[in-house]
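Participant: These protein sequences, in sequence, are chains A and B. Residue 163 in this note's numbering is what sits at position 32 of the first sequence, and the numbering runs on without skipping anything. Residue 167 in this note's numbering is what sits at position 43 of the second sequence, and the numbering runs on without skipping anything.
Among the hints, erroneous ones may be present.
Claimed, not checked - Far from chain B by the CB rule (all over 12 Å, computed), these chain A residues:
hint, residue
1, 145
2, 212
3, 217
Said to hold, decoys possible - Distance condition first, Cα-Cα at most 30 Å in a straight line; then the derived DSS-like pairs of lysine-lysine:
hint, chain 1, residue 1, chain 2, residue 2
4, B, 181, A, 201
5, A, 186, A, 209
6, B, 181, B, 137
7, A, 204, B, 181
8, A, 201, A, 186
9, A, 186, A, 204
Source of the hints: derived by calculation from the structure; they are not laboratory data. The model shown is predicted, which means the values in this text are computed figures rather than measured ones. Ideal Cβ placement from N, Cα and C applies to all residues, glycine included.
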Amino acid sequence: AQTVTQSQPEMSVQEAETVTLSCTYDTSESDYYLFWYKQPPSRQMILVIRQEAYKQQNATENRFSVNFQKAAKSFSLKISDSQLGDAAMYFCAYSPSGERGNEKLTFGTGTRLTIIP
Amino acid sequence: KAGVTQTPRYLIKTRGQQVTLSCSPISGHRSVSWYQQTPGQGLQFLFEYFSETQRNKGNFPGRFSGRQFSNSRSEMNVSTLELGDSALYLCASSLGPRVQPQHFGDGTRLSIL
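Let the sequences and hints guide you as you build the complete structure.
Facilitator: Right, here's the structure in full:
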């Protein structure tokens, strides 16, 4: 069974600084997707960034980038120039791809990110 | 384009009752998944529907059921409610079962008294 581990329950960062959230996962699949979702107090789960395992290039979305280390099964999220609106719960998630496709998302336990003004 | 719409936003029930939650996916999305979120268990997959058929089911008792209609809207039902069913229930949609990513709604907060 696939598992996703987020070892940092809480993180804080000064506004405008950079922070990195960690995620490791375990799978026997060779092809899969990895995601970071953000859940602010408004509850909606918002997709931040996604990575296809077959792509060696790390995904980037504006101030958000990932460090994907497939051999180490590590998928960290870097947030640059942190803003107050980045405060939220961040979830790392895994999904198999290929024939089984969109079976389900397996989530980590989340990291609560606080932005210090 | 409207996002995933879940109704109602809040719901209060008592033990033993049953409840039905509704989810309207993004227009054009045909796959709908349901997740339960609790402080103790985190986010857990309930089930996934595509073309009115349940494709996958998580490890939940038979009291949890769902269905999908021809317009891709989905409902989930929980019968004989227990205190432990108190949770945020999230619905997510995608274009299809082999297409990522999933887009989530705001959830329904279910409280059992």
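Participant: List, from low to high, the hint numbers that the structure doesn't satisfy.
Facilitator: none
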